[in-house]
Structure formats: structure tokens, C-alpha cells
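J.: Take a look at the letters that make up each chain.
There are 2 protein chains.
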Amino acid sequence: MADFDALKEKVENKLVSVFENLTMPAEIKDAMYYSISIGGKRIRPVLLLMFASLNGAYSETALDFAAAIEMIHTYSLIHDDLPAMDNDDLRRGKPSNHKVFGEAMAILAGDGLLSLAVQIMAQRSIHDHEAILAMNDIIEGAGAFGMVSGQAMDIMTERAQAGYSIECIDKAKTGALIKAACLAGARFSSFSDEEIGFVSDFADNLGIAFQITDDILDVIGSTELLGKNTGSDEKNEKETYVTYYGLSGAQKKAEESIDKALYSLSLLNKNTDTIKQLTLDVLKRNH
Amino acid sequence: MADFDALKEKVENKLVSVFENLTMPAEIKDAMYYSISIGGKRIRPVLLLMFASLNGAYSETALDFAAAIEMIHTYSLIHDDLPAMDNDDLRRGKPSNHKVFGEAMAILAGDGLLSLAVQIMAQRSIHDHEAILAMNDIIEGAGAFGMVSGQAMDIMTERAQAGYSIECIDKAKTGALIKAACLAGARFSSFSDEEIGFVSDFADNLGIAFQITDDILDVIGSTELLGKNTGSDEKNEKETYVTYYGLSGAQKKAEESIDKALYSLSLLNKNTDTIKQLTLDVLKRNH
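If you're matching them up, the sequences are chains A and B in order.
Heads up: the first sequence begins at 1 in the numbering used here, then just goes up one per residue.
Heads up: the second sequence begins at 1 in the numbering used here, then just goes up one per residue.
These are calculated hints, taken from the structure and not from any lab test.
Heads up, none of these hints are tricks.
Repeated chains share a single entry, so a pair holds when one copy, or any two copies, can fit it.
Listed next, the in silico DSSO-like pairs over lysine-lysine satisfying Cα-Cα at most 27 Å (straight line):
(1) LYS238 with LYS99
(2) LYS284 with LYS238
(3) LYS14 with LYS94
Because the structure is a prediction, the values reported are computed rather than measured.
Could you put the whole structure together from the sequences, leaning on the hints where they help?
T.: Quick look at the structure:
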């Protein structure tokens, strides 16, 4: 199976070609494309493609879905950065969307990216049953019970208008879409219900490890490498895995989650080497 | 076929039952439900059900889609009312979403409603081919080339950063989702490609008439009946059908569009009495 960087390049080429073929007003298209084009780890689309490759080469439809899930992730970042939300000026080392295009266009760029992602998935689903299952996984992770609820719980807790636990917030805000990427990929590999269960357990633990390392990086990472301001959690007096478990406690918890993830992965009895590598690399993240 | 008010009641009951069964954080659920529950003409879902009834009783799936399209319309109003967009404090005679729940929760409530609508449609599409076709119609109308582009063109033109024509803006901003409602309904009646073409022509003209009467009401309507502030177009020096064609010219153009719509409707050779009545009532709107 292709390694991370090769799959990342496939995803980025697909994103470019999607936007090359879009006929829509330049102002909104530019705003949508800006946040897509300024980079990112692309971990969700790559995970989708890795799982879609476990029973043979991934399909063109899977690649479309990989692009779609990255659009959904990007829309959530654009809206999260808005002044009314987390008010972040910097994203991936560049001015955030509303700093370049204004708040109105940033709101619409987010709406447009979510809509475009759904449109791509819905078109592919007309004659493809695996696609419609994958679309259901993705929209469940992205949606009212997943990512959107996570962001709502995060904001309400930060503003002391509610008191959701960090596990509860992160599972919805970050974990749900990472899980959706893995599950959607597994659909394209025509996995059985039992195998989907193993993927689900894997993804839950990967999501936790990913969020813990995010929190650790906010303390010990550099703004330069991260492309966003560090120390923001402390500044906002935000409860994180680090404030809750301490730095070494958080690190230990991340390692435990990775162990659990790798165990679930092993139950698939497939050649999952590249997924294993990606999982281990989460612990070594510096951005 | 049931008349407008009976169908409207069915839609409102369905919306209530969807939210009764939602398990999600109260803060975001309340914000989503607030804008759904404060009323509205419900013209899009009723149109969907009317077209879904032309070859027999509409299905439960069609009713779910009717609820979904109203959620999409509502999300667009919440985002349009935001201070960064049209900055409207009043909607349907009540404080707009961000005045009650704050901007952050209003942005998320919009995102949540769009996501929930997509989730409902995607679930129904797993075993229903008409549903996936209807979902494609709706997301095309709502999406990056439809409603979202329309709002972007409107805002850019209003702020003199672009100069899109009123026809072009309204076709995307208002027309696309009205058209999507009619087409989606027609899918559930298993219409042929030719019949879908007649529905499409009908809907294009209905959308134009609807937007023209909106512009006329902004001049001659009352804030009390409309539930939103009138005179806002004049205040914003906005080009409308009235500023462009004059009041009587705009009225004439609305009548012509209705005539064209009714002609296309007649080509279907179905009992379309209630749709005809709804179409004629557009000219008599006072809210």
C-alpha cells in the first residue's frame, strides 16, 4: 500500500482538480479554495484511503470521498476560527479565512465547503451502495451529534455556561470525524460488521491519542511548526488533557490509547503496516 | 390531495417529532429548534409534498425530506441574519437566532441544521433510489452552486465588491431551493425525465414570482405581517425588482412568471389543483 506522503499527494491533487472544474462565483470559490490550499496534515483523507485499500486498490469514489472529508474538516476550521467562536487569526501559518475574505465570506465559505462535500458524496452514491454507507458514516461524524455538538460543548464549557468533560467534548469535536474517515474507508473495502467493529475501536483510540498530543503540543510545541498560536489553552484557562492529567500523565494516556488502537487493528488480520506506522507517528507529532 | 394548511401541519408535526427524538447537548439543540419552531410559510416542504403526491399518497420518506428542506432553509436564514451578513435582529416577528443564543451558537445552529438535514436524507437513501435522487436535487439547490453562491453574490453586490444582476442573484439565492423542493417531490412521484423538465420550468418561474413579490412586500408590506423589518432594501440601497422595473413593472413581471409556471404545470396532465392554487396565491401574498 502507498505510504502516507504518496496518499497525501493524491488527495491534494484531487482537491486541486475538484476546484479547477467548479463553475461558481469567483469570490466565494476563492474563499473556499484558500483554506483548502494552505495545507494541512490531511490525516482524515489519508486514513480513509488507507482503509479503502485493505482489500485491493482504492476506487476513484474513495478518492472523491477523501477530498470530501477534508472539505468538511476545513469548513469546521474556518467556522471555528471566526471572531464569534475561537477568534484565531492564524491557521496553518497563514491568516485565517476571515482575516483574508471578511467574516461574511468566511461563514459562506464554510457553508459552501460542507455543501460541496455532501454534493460530491451524494452524486457518487446514486449507483454505489458502499458510497451511500460511507456518506452516512461521514455525515454522522460531521454532524449534529458529532463534530458540531463537540464544538458547541467546547464553547459552552469554555464560557462556563456548561460543564462538559474533556473526554466528552473531544470525542465529538475531533474523534467523530477521524472515526468517520476510518469507517468510510472500511466501507469501500466491503468490511463485515465484525471488521467494522474493530475499525471503530481502533478509530476511537486513535482519536483520543490524537487529541491528547494536540493538547501536549499546545504546551510544548512551537508556533512556527504548528502554524498556529501555542499556549492558547493556558491563556483561555481551558481544561485539557495536560491540565487534567499533567504532562507525563497525558503522555502515558496517549501511549495507552495507541496500544489499544494497535490491538484492534491487529484483529483485522490484514496487512495494515502503513496504518500502524501512521498510528505510531501520532506519538511523535511535532505539528 | 391535501390542501396547503393540512400539509403545513404535517410538516410542523414531523419537525417537532424529529427534535423530540434527538439526543444531543441541550444548548445547541435548543438553538437549532428555536428557529425551526418560530414558524414560517413552510412553502418549500409543502411544495415537496404536493409534488410527491401527484401519483398517489406521499411516503414517510418524502415527509422526512420535507422536514429536511425546511431545516436547510432555516439554516440559511440563521446565517443570513448574522451581524457579519445582513445583520437582522428580527425574523418571523421574533428576535433572530444570534440575538437569543449569541453569534457562536447561531453559527453552530446553522451548521447543525444543515448537517441534520443531510443526515436524515442520507439515512433514508440507503435503501431507496428515489431518495438518493431527491437528495441530489436538494443539495444541488442548497449548495455551493445554488443558495450559498446566491448569498455570496448578493453580499458582494450589496457591498459594491461585485456587480451580479438581480436575476442571477435571486435565481441562486431563492430560486434554487424552491426548485429543489419541486424536483425532489417529483422524484418521489417517479416522474419521467420529460415530466421532470416540466417541473423544472414550473419551479424556475415560481421562484422568480416569489422573489419579485418579496421585493414588492419590502416596499408595500407591513413589518407586523411580515415579521421582519420592511424598507430594508431601500435603506441598504439594494437593487431589487422594484427599483429595477418600478412597482407596476415588477407586478406585471410577477404575473407573467406565474402564467408561465401554470403553463408548465398544465403539461404534466395530472390533478395539480392545489399546486395551481399555491401558485396563484403567491401573487396575493401579504407576508
